[in-house]
Every structure is written in C-alpha cells, then in structure tokens.
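Undergrad: Protein chains in written order, with the numbering used here: chain C, 1 to 100; chain Z, 1 to 713; chain F, 1 to 497.
Be a bit skeptical, because a hint or two may be false.
Cut-off 30 angstroms, straight-line C-alpha distance, at most; resulting in silico cross-link-like pairs (DSS-like, lysine-lysine) [what the hints assert, rightly or not]:
1. Z:K190 / Z:K327
2. F:K157 / C:K25
3. F:K378 / Z:K190
4. F:K153 / C:K25
5. F:K378 / Z:K28
6. Z:K479 / Z:K390
7. F:K377 / Z:K190
8. Z:K479 / Z:K327
9. C:K25 / F:K156
10. Z:K28 / F:K157
Source of the hints: derived by calculation from the structure; they are not laboratory data.
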Amino acid sequence: MVPVSYYLSLSAVLFTIGVVGVLVKRNPIQVFMCIELMLNAANLTFIALGRFYGTSVGEMYVIFALAVAAAEVSVGLGIIVTIFRTRQSIDLDETALLKS
Amino acid sequence: MQMQITGILSLLLFTPIVGAIILMGLPKPGQNRENSELDFGAMAVNSVGIGFAALVLVLACLLFAGYHGSVLGNMLGGVGGGIQYAEKYNWIPMGGHHWLHWHLGADGFSVLLVLLTTFVILLSIIYTSRKSENSRDIIALLLLLEAAITGVYLALNLVLFYVFFEATLIPTYLLIGMFGGPRRAYAAIKFFIYTFVGSILMLLAIASVYHYAGSLSIVDLSNPMSTAYHALHAAPASTLMLIAGAFLLAFTIKTAVFPFHAWLPDAYTQAPAVGSAALVLLKMGIFGFVRIAIPIFPQQCITYAPVMIVLAVASILYGSLLAAAQKDARFVIAYSSVAHLGFVVLGIFTFTRVGMMGAMLQNFNHGIFTPMLFLGLGMLAERTGTMELKELGGIKRVLPLFSSMMLLATLASVAAPLFSGFVGEFPILLGSWTSGITHSVGGYWPTALAACGTILSAVYMLWWFQRIMLGPVGSPRFKGLPDLNTREWLVLTPMAVMIFWVGIGSPFWTSRMQSAVSNVLPVSTENVEQSLPVSVMLTDMRERMAGGLLSHPVSGFLVTAPDYHPNSEGNTFIPHAPLHMPVPVMQHRAIPRPVGAPPTNSGPPQARGIDIPPVMNGGTGGAQPRNQQALLHGAPRSLVGRSAKGMSTVSKGGPKTPTSQGVRSTHPNKNFVHSNQGPNRDAVSRNRSIPAPAIPANPNAPINDNKMGGLSR
Amino acid sequence: MTNFQSLNAILPVVIIAITGMIVLLGESCLAFWRRSASASGVVSLLGVIVAGMVVLFRLDEPMLHYKAFNGALAVGPFTQACTLILLLVAGLSVLVALTYLDNRGLNQGEYYALLLFATCGAILMCAANDLIVLFVSVELLSVALYILTGFAKTDKKGQEAALKYFLLGSFAAGFLLYGIALVLGGTSISGLVGTTNLTTMTARIPDTPSFMFMAGLALVLVGIGFKAALAPFHMWAPDVYEGAPTSVTGFMATAVKIGAFAALLRIISHLTGIAHFWLPALEVIAVLTMVLGNLLAVTQVNVKRMLAYSSVAHAGYLLIAVCACSSTVARPEALQAGLFYLLAYGLMTMGAFAVLVYLSSRNHDCETVQDIAGLVKKEPLAAYLMAVFMLSLGGIPPTMGFVGKWLLFSVAMQAHLVVLAVTLAIVSMVAVFYYLRIIWTMCFQDRSAETVGATSVAPTGVQITILISAAMSLVLGVLPAIVYPMLSAAQTLVNHL
C-alpha cells in the first residue's frame, strides 16, 4: 500500500506548482491551466483520503469538483475568446485599461 | 399652572420634521416675480414654515410653563431627579432581549434651551420669509435642525443623545454649503469633520460605557445609587479617565473652546445670516457637559476641571483679542462667540452652584443676543452689500432704529447691568472666584483674567458698534437706505424684549433650573474655597436657612435646600475642610440664631454647599405652597418673632412639619446630623449661648421654599 | 427528511431556478417574448416576489428546523432571514436592470436568467451546512457573475474586468477546494473518514486540531475572503466593479457580500471552540481591510471605484461582527449586528448604485465625479437621496447605517475587541470625508458641462429601487425594531441551526 501521506504530499506539490504558475504566467490559457492543476490537486487529495479510509466519500467530492470545473472552463474560455476577438492579443500584461 | 400633555416631547420632535417634509413637497417660491403678482408659492412656503415653527414654539412654551422642578425630587440622585414628561419606548434591539430605549425627558436645563431653540428658529424663519428663491429649502433645513437640536436636549439615552447630536450636523452642513458665502464648501466640510472627529470618539466611549455599565440610560448612569453607576465606576480608573476624556473632548470641540475653535469663525461667517443664527443654537456641547459629563463622571470631571478652566480662560482671552483685531464685522461677532462660550465653560467647571447657574443663564443669553447681532448684520448686508468695517460707518444716521436695536444687543454682549449679559457673567465670575478648582489652578488669576475678558468684550463690541454705527457715513450710497420694515421689527423686537426680561427679571428664568443645578452639583461634588470671606458669608447664610427657618426668604437665584448624595462610603466629599471653623464675622449680628436650630454651622460647611445672598431682586417662580405664603410677609420680623418662641419653632411649622418629618424619615443619610456634633459644637454653643435642642430638627430637610420673596439686605 | 421534503425546504431556491430557466427558454423560443422589451424582467421580478412570499408564509414551519438533504443544508431561521435579504436585493437589481439594459443596448433575457441563477447560488451559500455545498454554491454565484461582468461584449473595460474576475475568482476557488480537501483529511478521527459537514465537524475538533485541519481552514477562509473582498484579497474589487455594467456592480457589491458573510458567520459560529486560533488572524484581516479600504477610497475620482473601495471597507466592518462571535457573551449580539449590517449595507449600496444607473444615459455611463457635479440644480430628488445613501454609508445618524455602526461598536466592546473598535472609530473619521465629498460635489458645486441628467429611457424601475432603498434607510434608522423578528432569527445560529 502506498501510504496516504505520499498522495497528500504529491497533491501539495501540485497545488504549489499551480499557485506559482498562476502568479507567473502571462498567457491566460496557461494561467487557467495552472488553476485546473490546483483543482486537480484537490481532487487527488479527496480520492486519496477516501481510499485510505475505505469509503467512496472521496470520489463523491471529486464528482462535484469535476462538474464545477467543467462549467468554469467553458465560461472562462468564452471570456478569453471574446477578448481575443476584439484585441487580437491575450497577453495579460497588456490588459491595463483598469488601473487603480 | 400644571399642564400635562402626554407625549409632548415626541410631539416637539416630530412636528418640525413633518413641517419640513410638507415644505419640501411644496413648489419652490417663484423668482423675480413682479410686485403686483401675488406669489402663492412663496405665501404657501412662508405660511407653512412660520406656522410649524410657531406651533413648536407654543409647545415649547407649554413645556416651559408646565415644568416644575421640585426640590423634593432630589431624593433620586443624578439627572433623574428633575425629569418630567418622560417617555420611554423600545427602540433598537440589541440582542439577547436587551433594547435601546427611546427615552425622552425634560429637565430644568432642557426646557429653557428648548424654548430658546424654538424661539430663535421661529425668528430666523420669519427673517427668511422675505423674498428669496431658496427660502423653501432654508426653512425646511431650519426645521430639521430644530428637531435635531431639541432632540439633543430631551434625550435621556446615550445613543439617542448621540443620534441627535450628529443629526444636527447634516442640516447645518447643507445650510452652510448650499446657501453660504464664497468659501462655503470649505467652511462646511471643516465644520463637519472637526465636530465629527470628536463625536466618533464619543461613540466609542458610549460603547465602552455600555460594556462596563450594561445600561445606556442617563438617568441610571448619573444616579449614584444605581447598579449601573456602580458597575461603571468599578471599571479601572485609567479607562474611566479615557472615557470621560472622550466625552469631554467631543463636547469641547463642539463648543469651540480654545484649541478646537478653528471651525467656528469660518462656519459662522460663511453661513447665511439665518445659518449663523442657527449655528449659535449648537449649544449641545455645553449641554453635554452638564447633562452627561458631570453627572455620570463627577470625579473624573473634577480631575479634568483645572484643564478645562485653563482652556476656558484661554478661550475668553483669545476670542476677545482676536475679535478686537478683525476687519470684517461678522468675524468680530464670531470670535466674540468664542469668548462668551469660554465664559460659560468657565462657569460650569468651577463646580460651584453659583457658577453653574450663571453659566447656564449666560448660555441662554448668548443664544439670544448673538443671533440678534447676526440677523442684524444680515439685514445690514442686504442693504449695504458689504461687511468690511472700514467701508461701514455712520449707519446710525441712516438707519437710526436699526442701530438702536443693535445697541441693545451690543450692550447685552458687553454685560452691562440691566441687560441680560450681566446676570449671566457676574455669577460666573463669582463662582470662579469662590471655586476651589480655580484656586487650585492659579489662585486668583483665572478669575482675574476672565474679568479682564469682560473688559475686553467692552473693548471690541463698543469699538465694533462705533465703527459701524457712529462716525461719518461710510459711503454715499448708504444715504437712502430704508430703515427696518415690519418683518425685521418682528424679528428683532422679541429678542430685545428677552434681553431686558432676562436682565431685569432673571429669577423667572432661573427658577426652573434650580433643581437641575442641584442635581448636577449635589453637595458632594460642589467645591468651594473656604478661606474667602465671601464664602464664609454665604456659608453663614446657608446655615441660618438650614436652621429650620422654614420661611427663610432667599430669593430664587440658587437652590438653597441642602441635599446630599453620599458617595459609597456614606460621607460627603469635603475638599478643603478646615479642622476648626473660623469664627464667622457675621455671627455678631443682632439676629439671634433661632432656638431649635441644631448647631450644625460647626460642621463641614461644604457639606451643605454655598449659596449667595440674593443678588437679584427676589422674584417668585413656580408654584408656592399656600401655607408658606402666610409666613412670608414681613420676613425679618417673623424670623425674630419665631425665634423668640423657642422650641415651638420646630413643631410650629404648621402644615410644613409633616412634610419635613416625612422627608426626614425617608432621608437616606440619617447619620448626617450626627456627624455635625463634633468638636466644634461646643465652640458654637459658646458663641451663641443657645441651649442644645433636645430634638434636633433635621438641619438638612430640604426646604422647598427657595422661591420666597427676597430677604431684604 | 426525505428528498421531497428537502426540496420543499428550499422551495424559494427552486422557484428562482425555475424562473431563471423559464426566462432563458422563453427568450430564445418565443418570438413575442423576444420582441417585448421587458418581458424577461417582469417574469423574473414575479419569480422573486413569489419566492419571497413563500419564505414569508413559511417562516414558522417546524420542518424548517431540521437540516435538509441529510444535513447538507440548514434551512432554519437564519437562512430564511438571509434569503429574504437576498431576494430583496435581487428584486431591486432586476428593477434597476429594467432601465439600465436598454441604455446600454444589452437587453437580453440571459441577463435576468444569470441574475437569478446567481441569486440561487447566494441563497445556497447562506444555507450551506457542508463545505462542499459551499463550494458548489460559491461557484454557481461566481460563474454567473463572470458572465454578467463581461456582458457588454464590445466594451473593452468590461472584458478586462471579466477576465480579471474570472482568473482571480477561479484562483480563489482552487484555494477553497483544496482547503476543503485538507479539512476532510484533518477531521478524521480514529479510523473514521473525515467530514466536511459543519455540524459533524464541531463535534470532532479537538482543542488543538491537527495541522491539516488548520491549514485547510486557513485556505477555506482565503477562498471566502476573496469572495467577500477582504484585504489582502481585495485587489480585484475596484477594477471589476469599475469595469462591469453598473447594474451588475450593484448586485455584485451586495449579494456576493451577503452570501459570503452569511457563510462566514455560519462557519465561525461552528468553530468557536478554537477561537484562539482564528481570532488573531481575523482581527488582523479586519484592521487591514478597514484601513486599506478607507484610505484608498479617499483619492478616487471614479464614483464606482470609490464605492468599490467603500465596499471593501464595509466588509472590514462586517468582519468585526464575525470576530465578536468568538466571545460567548457577545455572540447573540454579534450575530444580530452582523445580520442587521448585512441588510443595511445591501440596501444602501444598492441605492447608491441605483442612483448612478438613474443618471446614466444612452451614450454615457455615469461614473466620475464630474458627471454628478452640481446635480442638485437639475435633479434635486436624486441628489438628496444620494446624500441619504452617502450619509448612511458613512454611519451618520439618523440612518440605518448609523444603527448598524452602533451595533458593531457595542458588540466589539462587549467582546473586548478594543483594537477593532478603536480602528472602526478612526476609519469612520476618514470615511466621512469621501462620502461627504460626493454630497459636496452634488450639492455645493456648480453644474459643469459634463453633468448628466436623468436617463431618457423609462426610469420607473430604477426610481422605485432608489425610493425603496432610501425609505428603508431612513425608516430603519429611526425604527430598527421593525426588523426585530428577523434579527432575532440570527440568534438561532448560536444553537447551530
């Protein structure tokens, strides 16, 4: 048996990679991919915990998370496409119309 | 005249608001109408405005007339003793079934100030009702302001007080900012932020009070025998000083005392004329001192009192000197306001009854002659178009009647005798002279400097009058200016009448404040310097009255009934008690001490407070029990006569006796009599050759005949 | 509860969802609906009103004291009270949108459908008794709002706002989900799998919970803090509020905060056993939020941005009520103060944005301070009512903003949170400056060339909104006892209902 702590540390590492990626990347598609990475790290944690205790509770949570992530993807990509249509560029650092 | 209208206080509050709402529904008065056309819009606005203001004034008069501050009410300590017409409803739910109450009540101070507010607002509305396109908005704002100010004077719950305190800011802000002079926006925001800063600290202090005491009722918090009071004063001393300091700071800023006065000149001068009159009505700071700060935090206020006295004297001098240096007529009056309010604050923080009564009366006076001056200046500005002193001059020749009215207000401001300012300032100075606190600050210097302030007020006011009214006419275009028209007479005359009424017949006005003064300054907190001959004289007067002279005719300037609110140890606060009472000079008068009077004059004289002999012509105020009328006539003789009867004096009191007996038996401080039978008793007996009475009459029975005809001295 | 009973328990949400679907389908399928300018709006308003009636008539049903869906949703009095507030806010948003969408040429039924779905999400946030339900409802609310923010497809600022909101919102959702996963791990005891159900969690937390649990809780708070625009997660708020269409901003500023803080109050009231862990952190966040929100608002010339920063500041004030839940003595008052402040804040912010909508016309969105200069000459009623909203936001009597502020002060002192109370006092002094500046510009300055007038399109809806908000601001300031039954509902949360 793989100890559950291995899974948990893997998901922690994935989560951290995702967070760093969101903060660093300039292309919104890449940023979104890193966000998906964070969500999947959480999914991995759910599954690992559920499996460790022998219940299917973890998988249930994952179903919720997957459905929500899918909805979010569709909306997010739609927004990105809209911007691309009017601007021909989706570089995040160029979106600077709103300044504090 | 006993008149009970239940809910009169809420009626007083909501009538102006209803009037303002109705007014805002009316169309704006037309602009530039021809004189031949009747401006129905203006007529409607004016009649609604004046009608509501007059209605509120009538209600305030009814309240004033129906209020009877009975000294017997002093049994309940603190503010609650004098409250009448109370109303109490659940208002804000505070969780856990606690409620903040909508608690209104009228005190001696309240009725006077409510009357002042409604009076001045009515006159201001009459003044605004001339042809003016903004009159609808101005009158509506004045009515809202009146409601808010009246609410401050009537609120008996700290949060309700705060709500009204802040609610006055909004109409004032809009009045100054929308209808004021060239720098109005700056003046308005400065005024708002200055006072708001103090108030938000006060809100924090109120929350702290609620936390420690569990109650926000001013009646409970000022009653030294209530659980709320004890709970509050069980808090750590430094916290209490902070809380009291926050309250004092808020009120100090509101009153524009010396370091925090910067908002006042701008606000007063940039406001329209009626706005300045309305601003003068912002006496909530002074009221806050006597209604909240001193009753709820007496010891802390005594600790802060030296600071306040210094600030007050600084205000007087600073205001006076700056007023003398101004070049704009309105600025002179604005700074004079700083000086006058400095006097009032001085009077309050002397912690003597003389001083406080004088302060509250001067407060009232200031609220009459300063609006008169501002409205007069407004009339002048309309005619001449300038307020620069170097451009004005010789107005007396052009507008003789107007200048006579202004002279009345000027003399009132200068505190000339026969005018109202005198009956306010003199007791303040006397209180400051006899106060232990002023002495601890700098001996006789504070009083001396304050008295110099009176001289300076003559300097700047008379000079102001001279520069405006006397001398050569300032400009040729002043030649044909019209004198006062009917509306302006209607505005100025009542104020002139009040100036004389207060100046000559002040007991009518002070009679209702007496129980309030004694509630705010019970004997335990009064602080009179004992080494002064005048104090001794007052003490002796007081003892003679305390010696069972039921009909002692001391006129109604001050409460003469001793009362006492023992602190938790059961004894009274004695600041400078001498071990041996120096033999008073007055003892060797011919009037013997009546038999039956216990030798209480040897006890700590401060315990009974100080009264001055009737300075004013004795008047009557309030209802007098009939049985005392018969005893009044020919007072000195009856004094002598009764004393000859010996022991029968005590029992003879007639219908009075049951009352005094009843009072004595319910009196909380039974041991007071015994505390006076100390080592000094023999000295007194030796001096007076009066046998000790078998039944000592309760020397401290409240004598509620303090409104008798004056003892002619 | 059976499934049917559970559905019955959340009938208002079901009604709103069905209304949303009806609007969506009707607009796309029925020609007459598409042609009519206000059919969608009217139908959605009807749905909101019906849902509100359902809530009001069922306030005392005993069924509602149980948890629905096997403990996942709490439908007790607290939820009913929050539902009422949210339905009120949603109704006002629909009214505002009836006017605004025509101005911007955005009159599409999807707007109302999304608005209704977002309301469903917010209501479910208030009812969530399980963290995963919280996650789903947060996402429901957020996704609908991402679309709404970018609804004006050709507006560059709007698109940018939508992108920013989407990216940062999903980022926070990731934190939230991972936090829930860690909580699941951290609440497992003695061989039993963990739980994310708040009720079960309360029983399982030891006095010193495991590191996993604390980490998970921290991440959950980060996620919720983002939604509520607490510092230091507030960076998105000004940009998004400014870029979104004004009617959407009104909804965002109110409903999202109400949902987020209701959820936060519920979570915190379950975690009072470990208050010594989260209280310092929340206190720091509260102080930071209040200070940053107010200081940054002072320099703004764009009214929408200024209102965004003021929303941030008000979130800080609400956090005081949340922090005060830590003290046993003050907890009922804290919950009550929080609920009242949510109601007050929702109404006054919605009113302020409604005035901005009222002043927007076809070509020009009313946004900057120049747009409203000297307004009192042309539109005196709008100017005075905006003044009422500004005074209410500033906490100046006699408005309900003051009553809310007083309740916060008293609750803070009772819970011995002196630092928070003093901070509240100090920032109130700063805040009054920028609120007064709006009144100053409107009433004291002269009209400039750019000052707008009222919108030319039928303004009935937005006028009704403004009047309702202003009337409630003043009435509740004078007679807060009117909503006392609702407030006493808040205290039931003490018993975890």
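Undergrad: Quickly compare the C-alpha distance for K378 of chain F and K190 of chain Z to 30 angstroms and report which way the hint goes.
TA: holds (27 angstroms)
Undergrad: Take a quick look at whether K28 of chain Z and K157 of chain F sit within 30 angstroms of each other, Cα to Cα.
TA: The hint is violated at about 42 angstroms.
Undergrad: Taking 30 angstroms as the top limit, are the C-alpha atoms of K190 of chain Z and K327 of chain Z close enough?
TA: holds (22 angstroms)
Undergrad: Within a Cα-Cα threshold of 30 angstroms, do K25 of chain C and K156 of chain F meet the stated pairing?
TA: holds (22 angstroms)
Undergrad: Hint check: K157 of chain F vs K25 of chain C, CA-CA at most 30 angstroms. Holds or violated?
TA: holds (22 angstroms)
Undergrad: Holds or violated: are the alpha carbons of K479 of chain Z and K390 of chain Z at most 30 angstroms from each other?
TA: holds (17 angstroms)
Undergrad: For the pair supplied as a hint, K479 of chain Z and K327 of chain Z, confirm whether the alpha-carbon distance does not exceed 30 angstroms.
TA: Since the Cα atoms of K479 of chain Z and K327 of chain Z sit roughly 23 angstroms apart, the hinted pair holds (cutoff 30 angstroms).
Undergrad: Would you check the hint for K378 of chain F and K28 of chain Z, treating anything up to 30 angstroms between C-alpha atoms as holding?
TA: holds (13 angstroms)
Undergrad: Sort out whether K25 of chain C lies within 30 angstroms of K153 of chain F, counting only the CA atoms.
TA: holds (25 angstroms)
Undergrad: Check whether the Cα positions of K377 of chain F and K190 of chain Z lie no farther apart than 30 angstroms.
TA: Cα-Cα ~24 angstroms, so holds.
Checked against the numbered hints listed earlier, the structure breaks hint 10 alone; every other hint is satisfied.
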